[in-house]
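2 protein chains.
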Amino acid sequence: MGGDFAPEVAVEGAVMALKKIGKDSRIVLFGDEKRIRELLKKHNCSADNFDIVGTTEVIEMGDHPAKAFIAKKDSSMTVGFRHLVDGKIDGFASAGSTGAMMVGCMQVVKPIKGVIRPVISTLMPIVMNRRGLLLDVGLNVDAKPEVLAQYGLLGSIFAESVLGIKNPRVGLLNIGEEEGKGNAQAKATYDLLKEQKDINFVGNVESSYIFTGKYCDVVVADGFVGNVILKMAEAMYRINNRLTPFKPWLLNLLRPVLEPMCPKLYYHQNFWNAMNYESVGGTIVIGVNAPVMIGHGGSSAKAICSLICTMERNIESRVCDKLREAFKDVTPVEE
Amino acid sequence: MGGDFAPEVAVEGAVMALKKIGKDSRIVLFGDEKRIRELLKKHNCSADNFDIVGTTEVIEMGDHPAKAFIAKKDSSMTVGFRHLVDGKIDGFASAGSTGAMMVGCMQVVKPIKGVIRPVISTLMPIVMNRRGLLLDVGLNVDAKPEVLAQYGLLGSIFAESVLGIKNPRVGLLNIGEEEGKGNAQAKATYDLLKEQKDINFVGNVESSYIFTGKYCDVVVADGFVGNVILKMAEAMYRINNRLTPFKPWLLNLLRPVLEPMCPKLYYHQNFWNAMNYESVGGTIVIGVNAPVMIGHGGSSAKAICSLICTMERNIESRVCDKLREAFKDVTPVEE
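Line order of the protein sequences matches chains A and B. If you read the first sequence in the working numbering, its first letter stands for residue 25, the second for the next number, and so on. If you read the second sequence in the working numbering, its first letter stands for residue 25, the second for the next number, and so on.
Any copy, or any two copies together, can satisfy a pair, since identical chains are not distinguished.
Below 20 Å or equal to it, Euclidean Cα-Cα: the simulated DMTMM-like pairs (lysine to aspartate or glutamate) are:
id: 1; residue 1: Lys255; residue 2: Glu201
id: 2; residue 1: Lys255; residue 2: Glu230
id: 3; residue 1: Lys43; residue 2: Glu336
id: 4; residue 1: Lys205; residue 2: Asp166
id: 5; residue 1: Lys43; residue 2: Glu340
id: 6; residue 1: Lys255; residue 2: Glu203
id: 7; residue 1: Lys205; residue 2: Asp87
id: 8; residue 1: Lys47; residue 2: Asp114
id: 9; residue 1: Lys66; residue 2: Asp56
id: 10; residue 1: Lys211; residue 2: Asp166
id: 11; residue 1: Lys255; residue 2: Glu202
id: 12; residue 1: Lys271; residue 2: Glu283
No lab work stands behind these hints: they were computed from the structure.
Put together the whole structure using the sequences plus the hints.
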């Protein structure tokens, strides 16, 4: 029931995802059961393909996230988080209120022991069909260096598990390459990251290089600047898409014929497609006890479909277990 | 003599700029006079078109900026700044060491009375062939809210004078539109900008909108995040340019024929051309007593040509006089 176009796009996206997920995976839909069944019928899709958990309430975008999460006990979001923490589902995603989703993460799923602050991340597009990881993309601003330094380990384990990158190179977003560059936060974080033995820290990385994948696979950033990067990337995608004389829909239509003949023609298209948030589906919460993803409020069906597929990879990688293992000896830090 | 490819590209760019500047404008070249004359000869350009001031020393990129600026009294940069402050030239630009350029700005040209910290800015490309202003792009990190609030007035006057935008809309770069969003610095800056009566402050602006020109013409940002935006824009330009199947050089070649027939074909090209640093030539120092611009170290001849043309507009707008007038009643703040 979360997002501007729920439940229509959520159901449509789930139907799209059915064809893409593994046969052992199962999609559980939380929401108005009657509407869900009507919509599935409209898409000529049997309700037997899904588990449906009927809920009666909706957390609206205008609601106070923390209050609504507690008060609306039968909202799709509150019930979903309950199922997640009870082990009835393996991961939970919603395009609903980000604030309420974070309440669910922090108060129901809870941070992994030893993690000071969980973080939200995005799979960055990198030229030549690869992906990197950018974290934080907006959860913690004015983050302490100790918090940022933990992103290094969180991101490294995530990139290795979910993206399959061996010994991922971790870079600190900064405005110069040399040690000692940047603001006070970046300088202090550099010193902490440098001391971490369990990650492959490659030093500072400038924003010029994060999309080239030349220097690093994981980019550590404060939530303020990470959010600026994420939104700017989305804006560039939209502007490029609107202005390009090579219509993306036409190129995609002709892809089966043209791409084998001239793969270079599609490098450009592939990069910009990957820049579209719809190709990942949303941001990934890292550092809590179970897989959680937050979709865009304005998610399309395609975005919901990607959200489900990314979630499946996230669950199958057992990244939360690996994070718990890595942080088990970390002394919890009081904030 | 500044920049990776000096003096070759500087002279070549100056020759290119000769055809673009007004007939009352005069380009003064500072550097190795013999080399300059040789290079002008190579380009079949009479030395009479320029004033040449011979200098014998060069500030290298490895030099300590402040020490080199003082020690190398006969470097093109030190002599250039001396000419500027003596009124022998009206503006000074170089692709040399940014650090040394800032020493010249702060110690020779000096900040305008009342301006806490001068700032470096860039002319942002905005869809449909317009320009906006982004400041700071990397000079002052961890800037105090009082410093950022002054960028509002500095940027507003600059945009009105140099870009010809009437009553420019000033936005504060933030990660949410509503008042109260962002980090501590952004929140405090918002409160100060809101109180300024002499600017048209339109509130927070997210990075999604800075290139659309939808909400504002002037974007105020801390130097850290502004630098991240600038470098990311340059990276996007390079990636797009490298991957696009519509070769930019070919489109530019065919422009005289194709653009009148199909202007839409060029919207895309025009936007990305404007995203290229070569189209502006460098960053503009705002808040010092005379026009100063800093080119990229790796400047091409085209970039130097743009640098000279942007400088000409800067000088003709008499923006420094207007800034002095606007700040004359501001009580100097001790940092």
